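A.B. asks: Protein chains in written order, with the working numbering: chain P, 2 to 105; chain Z, 2 to 105.
By construction, these hints were calculated from the structure, which means they are not laboratory data. All values derive from a computational prediction rather than experimental measurement. Any given hint might turn out to be false.
Said to hold, decoys possible - Computed cross-link-like contacts, DSS-like style, restricted to lysine-lysine with a CA-CA straight-line distance of at most 27 angstroms: (1) Z:K35 x P:K46; (2) Z:K82 x Z:K25; (3) Z:K46 x P:K35; (4) Z:K46 x P:K46; (5) Z:K35 x Z:K75.
Protein chains: 2
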Amino acid sequence: MIRVSVLYPMGEGKKFDAAYYMQKHMSLVRERLKGLGLVRAEVDKGVAGGAPGAPAPFVYIAHLYFNSIADFQKAMGAHGKEIMADVPNYTNIQPQVQVSEIAG
Amino acid sequence: MIRVSVLYPMGEGKKFDAAYYMQKHMSLVRERLKGLGLVRAEVDKGVAGGAPGAPAPFVYIAHLYFNSIADFQKAMGAHGKEIMADVPNYTNIQPQVQVSEIAG
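Given the sequences, and given the hints that come with them, work out the whole structure.
C.D. replies: In C-alpha cells, the structure reads:
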C-alpha cells in the first residue's frame, strides 16, 4: 500500500483557509481520484509539536492511499493539474509531497 | 483519534540505519507504549516526491495512533526518555514531531 502525504508547513505570513480545504478541496480530490485507485483519504489537523508547548510543524496534512505508485501516477496524470490549480484558493503555502510505501 | 507523526527529513550528510530502525527501535516503541494507549504504529518508507524524479522529502516517517493527546503524553512521560535516547543509534537526523487530530 502507498501513502501519499501532502504536508503544509507552518510559517511566518502563511495563510490557510481550513473550511475551503476541508469542504471544497478535499471533496474535489476524493471525487476526482476515487474512480482511479484512491482507496481512501484522511486529513490531519496539526495541534502540537513534540516538545512541551511547541507548535505543530504542519498546519494540515492530507494522506491519500493507493494500492500502487502506478495507480497514483495514473490518477494524478488525469486530474493532477486541476487539483493543483485549486491550491491557491485556500493557501499560500507550498505543500511538500511525500510518496511512501507503508513498510511496517 | 490522534496521529503522532515522527518525520526524518532527508539531507546532505544524513545517515539512517533502516534495519536498526525497523527491527530494534520500532519494536521498542511498540513494546513500551502498547500498554499505555498506543492503538497501532505504522512505518512509511519514502520512495518519491511529488514532481517527476523528485526525491522523497522524508527518508522514513512513523505514525503512532492514540485515542487522545492525554494518552500520548502519559505514554511519553513514562517512556519518552528511553525512546528518544535510542535515536542516535540509527540516525543523525533530528526528527520532526507532529501531533495531529484526524479531522476527516
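A.B. asks: Against each hint, give a clear statement of whether it holds in the structure.
C.D. replies: Now for the hints, and whether the structure bears them out:
{"no.": "1", "hint": "Z:K35 x P:K46", "verdict": "holds, 24 angstroms"}
{"no.": "2", "hint": "Z:K82 x Z:K25", "verdict": "holds, 16 angstroms"}
{"no.": "3", "hint": "Z:K46 x P:K35", "verdict": "holds, 24 angstroms"}
{"no.": "4", "hint": "Z:K46 x P:K46", "verdict": "holds, 22 angstroms"}
{"no.": "5", "hint": "Z:K35 x Z:K75", "verdict": "holds, 12 angstroms"}
Checked against the numbered hints above, the structure violates none of them.
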